[in-house]
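The hints should help you fit chains B, C and D onto chain A, whose structure is shown.
Protein chains: 4
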Amino acid sequence: MDRIRVSVVGGTGYTGVELLRLLARHPFVQVDHITSRGEVGKSVSSLFPNLRGIYDEPFSEPDAEKLAESDVVFFATPNGTAMRYAPQLLQKGCRVIDLAADFRLTDVESWQQWYGMQHACAELVPEAVYGLPEINREKIAGARLVANPGCYPTSSILGLLPLLQAGLVVTDGLVIDGKSGVSGAGRGASVAGLMSENGESFKAYAIPGHRHQPEICQLLSQISGHPVSLVFVPHLLPMIRGIEATLYARLKDHSEQDLQALFEQHYADEPFVDVMPAGSHPETRSVRGVNHCRIAVHRPLDGDFVVVSSVIDNLVKGAAGQAVQNMNIMFALDETAGLQQVALLP
Amino acid sequence: MDRIRVSVVGGTGYTGVELLRLLARHPFVQVDHITSRGEVGKSVSSLFPNLRGIYDEPFSEPDAEKLAESDVVFFATPNGTAMRYAPQLLQKGCRVIDLAADFRLTDVESWQQWYGMQHACAELVPEAVYGLPEINREKIAGARLVANPGCYPTSSILGLLPLLQAGLVVTDGLVIDGKSGVSGAGRGASVAGLMSENGESFKAYAIPGHRHQPEICQLLSQISGHPVSLVFVPHLLPMIRGIEATLYARLKDHSEQDLQALFEQHYADEPFVDVMPAGSHPETRSVRGVNHCRIAVHRPLDGDFVVVSSVIDNLVKGAAGQAVQNMNIMFALDETAGLQQVALLP
Amino acid sequence: MDRIRVSVVGGTGYTGVELLRLLARHPFVQVDHITSRGEVGKSVSSLFPNLRGIYDEPFSEPDAEKLAESDVVFFATPNGTAMRYAPQLLQKGCRVIDLAADFRLTDVESWQQWYGMQHACAELVPEAVYGLPEINREKIAGARLVANPGCYPTSSILGLLPLLQAGLVVTDGLVIDGKSGVSGAGRGASVAGLMSENGESFKAYAIPGHRHQPEICQLLSQISGHPVSLVFVPHLLPMIRGIEATLYARLKDHSEQDLQALFEQHYADEPFVDVMPAGSHPETRSVRGVNHCRIAVHRPLDGDFVVVSSVIDNLVKGAAGQAVQNMNIMFALDETAGLQQVALLP
Amino acid sequence: MDRIRVSVVGGTGYTGVELLRLLARHPFVQVDHITSRGEVGKSVSSLFPNLRGIYDEPFSEPDAEKLAESDVVFFATPNGTAMRYAPQLLQKGCRVIDLAADFRLTDVESWQQWYGMQHACAELVPEAVYGLPEINREKIAGARLVANPGCYPTSSILGLLPLLQAGLVVTDGLVIDGKSGVSGAGRGASVAGLMSENGESFKAYAIPGHRHQPEICQLLSQISGHPVSLVFVPHLLPMIRGIEATLYARLKDHSEQDLQALFEQHYADEPFVDVMPAGSHPETRSVRGVNHCRIAVHRPLDGDFVVVSSVIDNLVKGAAGQAVQNMNIMFALDETAGLQQVALLP
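Protein chains in written order, with the numbering used here: chain A, 270 to 615; chain B, 270 to 615; chain C, 270 to 615; chain D, 270 to 615.
Next comes chain A alone, as it looks inside the complex (with noise of 0.2 Å):
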């Protein structure tokens, strides 16, 4: 079988160096460009060492003609940047995989405010499959253009995602407490992202409403099938890789519905979605580096309210990984193909 050809727009940032990690040993891909405007004519591997021996090359500046030679273009770069890139690229028959945000929400002006800018490609908009596989997947097998999740949105939905399609809980008020490593704010210099900064100290941050918040609440209420209200606070994690969130629902009657059953079932033949047994606490080490999510459902002093932790690596199920399951799709490969690492415990 041919390899599939790949480009890598914006491979000096963490979800950039992650794909690259994935990529490098995924069996049915060959990648053909990495590039980076800040960086070109510097090898790969000087920046990222884990890289040695496997990319070497230079990156390139990124070029729509040349990257439109590959079968897949994967944009791991600031939000703003896929759009301006994907009308061409989509054009010339290859697709996109952006793993920013242009084009997650599908309400182009609560776009615009959220992310304080011009959309440069709004017609395309509509036909872009949000990339989150266990509610999407047919739709992204047939996808040219895939809006790869936000992390946070990625532990959310999958956490409710067996609640609200069971109709179970009130959906007016839930609540959601997300924390994240520190890779989540990227690769980019900054003070407030120095380790002396963000070592052995915790925050909640953006509590007066994060970018993700429209994300999860579009996609809660398309679960749903009616509009859906909620609350979600995100925190920093005095550590590198991980998300937790701590997904709080009201159930809507007392009825002894087996939640255990309810999500093994639900997630029974997805590769990547683990549900833990009845009484389990996910820990974010348990899905370093892999493509995992892994969920536990509790009913605390067996109360009207339910609990789900649910915990990815951000880098992988949360944005590089996930985009390698997107595109396994979109060419019809095994699911798992270049996923199937095992967690770094401990």
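Be aware that one or more of the hints could be misleading.
Claimed, not checked - Here are the computed lysine-lysine pairs in the DSS-like style, where the Cα-Cα straight-line distance is at most 25 Å:
#	chain 1	residue 1	chain 2	residue 2
1	A	Lys-335	A	Lys-311
2	C	Lys-361	C	Lys-408
3	A	Lys-521	B	Lys-521
4	A	Lys-408	A	Lys-361
5	D	Lys-335	D	Lys-311
6	D	Lys-521	C	Lys-521
No lab work stands behind these hints, which were simulated from the structure alone.
Chains B, C and D alone, transformed into the frame defined by chain A:
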């Protein structure tokens, strides 16, 4: 003025060594005895080199007769210890501050269920004062026996107090998402507490029910004047000191109540509660090593949820510092005596 | 091709779980037995959730009869265990790789002093091959019994090997300053290993003498062809995985020897030793989870000291990965089989 | 007694905020001005919430006229700043303590090479006193201009001082292996300082040559009375505060010199140097937030190497604390005034 004579029972745990750190520089205190069953004869500073030159005397066997010579005895011991000494000490005119949970719950039945043991002196429970000065300052001043609050309860109650006292929020279905550094788990040998198990990872724990739940519930109900229902989920942070509690409550109506002003006025005269400016996100490091609780209040997306983020150092305002604050009040000292350190940042 | 049948004795420590992680994706291996005296009957994945869906079978009791059905048995056990099983297993034609220290020192007297026990099969010591492929590849290929090197020795010896073999440095008074992540201390319950004890702190340990000293000394002396004297001080890092060794040696003369070229040539054909470009400073994270040793060689201020910085993952090249590499060599497999992961960065 | 009036130039870096923390509770000091070019008008406590309620006034523009009203001005600035203000301040009778490197090297040529700039007031260099009280206490008492030592030099020199002064070790080829927390790299925005880059990893840096090398060399040569040669390699720890230096020297002869007694006697009267009991391994956390240097001396395997492990808090004894100690000496205050905190452990 004569110095107050104090003894510390259980000086080998983290709350014990923290208490010794604070007492070491307290201007009005003299330490009589530092006991430890397990380390009798070993010098305090050989275990805790930060105390070299300050407490070089040996740990002694706990002996009620000797302890009673002190004006006040702190119990920095496991649950179930203070209750065995308190009757004798009180009878001899010595006061008692228990940093553990023996006297926190007014409902002895409930206490026995949550803590899995018989209470040794249930008759003293009604007399014990819950040592949260921001609620019980006057009672503490006259108390013989003080139940020092738990760490999660301190951060949670202080964050919700102004809202509940003003009657602004729905008290059915409060959500408390707490996160603690690992020092909260104590200094016992365990696999679960190893750095290899806790570093670079994050998880929820005790979702089915945690002992601080009834404690928080009891206090919030007292404050509200009616039963409060809540869900509380604690989490373990990959760091040593600090607790952050994110508190979610729904406003009863969407009136234009100025929550920032409410909090600022409520805590205007409190020496150890700092209401941060509007829009803030308190960091645990801003209270590292000090007795302060820093609080920010938000109303995300102008919706009907109010979200409070509250941080303390679990070993100071969540344990040893609050115990010293209580002692200061009990002995009519300046409430801030010995507690005027500046937090260590970075 | 038939898969090689392997068993793992002592699957509950950190080298054990790491071995299982690597064997799980090894293309030519089938795992027969995973034993643990302490956890018999418990499923492997219940202890290590990263292995869910991979090793869900229970730990079994170690039984020499059953183990001998395997082609090779790995001992990821405390010191003193492998030596009790090895004679019986070898006799039955099974090969043995000991990740502990039982067969590392050729001088049994010295071993007994350093390890504080009688050796149970001193007669096998001369046959055991020290499993550092970069020195002993051919002997390993023919070995029945391999002594997998210690973590500090691996990083130290690989860093000094080209210098000693070329006879360029004074071999009296080598200085080895090693730093290790806490996973090197194992998974036993202890106060000393708590995160509250190790986080945000750093210290030397075992300055009076560490068991890896005679091991390093033995190997460096073999390489040099004459007795070498050295001082070795290990340190404990506030992190989980990784060893860095900074190696100091004095050049015999100030000739213009090109040390960079020497190292590059020496390791040109080694799949797992990466000589970094001149001027580099290898980071432990660049080998996180992989079997590589990355090395940089310097001559500070053009003086007569040569300084080598050498990094490995103590659990991989320093333990489980090297054990798999040895197995690959012993069974004439591709030496890199099952060891082609890319390091997790960040 | 009138309080000493002090000003702090460069209050936004980590040594600046640490200085403010210490000055805040100093019993004999009044802070006049806190300057920052970059943050003029912003309140100090808005940047550093640990200082809320203590320094709520704004940062001011540095102005030599106003600064000269103080009795002493601390420069917690980048290299090259103090030398531009010092002449004017000294002329007006104000004393100067530079926490940066402008006046540390007596050889101006060498300084200019290492620091890559012209010295602005070379004529003052001979007058400047190297502010290590354990060596220069009397000179400091009479100094107008103090060069506060570097962090690595402080830990290294204090560890070697008794050996060199007693003439016990070979002074050709000393090895200094230093490890520092990331706060030593300052509070500037950078990719290299991100937590995602530094967390859970370790590396050497500046092996070809570090600016603290000539500083250490100068002082050790002064102490020895003849030129000393050494190799110094610094390393970056995945933690915030603390330096450990492991110092290797060869004994001139194998006599039965009691090194423990030598160190204990040498430092018997020093308030801030603590010689640990024989066999100890000092931890950086034992000096977290305090001005102490803790030292242990060993003779590994009774060989001819003496190994000293020396720990300080790089921001306290390695910077701000030592500056306060110097001020205390310069103004004939109790040397420990404002420096009597107890280290934060755990």
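Can you confirm whether the C-alpha distance between A/Lys-408 and A/Lys-361 stays at or below 25 Å? Satisfied, since the Cα-Cα distance of roughly 21 Å is no more than 25 Å.
Would the pair A/Lys-521 and B/Lys-521 pass a check requiring their Cα atoms to be no farther apart than 25 Å? holds, 20 Å
Taking only the CA atoms, is the gap from D/Lys-521 to C/Lys-521 under or equal to 25 Å? Roughly 20 Å separates the two Cα atoms, so the pair holds.
What's the verdict on A/Lys-335 and A/Lys-311, does the C-alpha distance respect the 25 Å limit or exceed it? holds, 19 Å
Between C/Lys-361 and C/Lys-408, does the CA-CA distance stay at or below 25 Å? Holds, because 21 Å separates the two Cα atoms, which is no more than 25 Å.
Holds or violated: D/Lys-335 to D/Lys-311, with C-alpha atoms at most 25 Å apart: holds, 19 Å
In summary, this structure violates none of the numbered hints.
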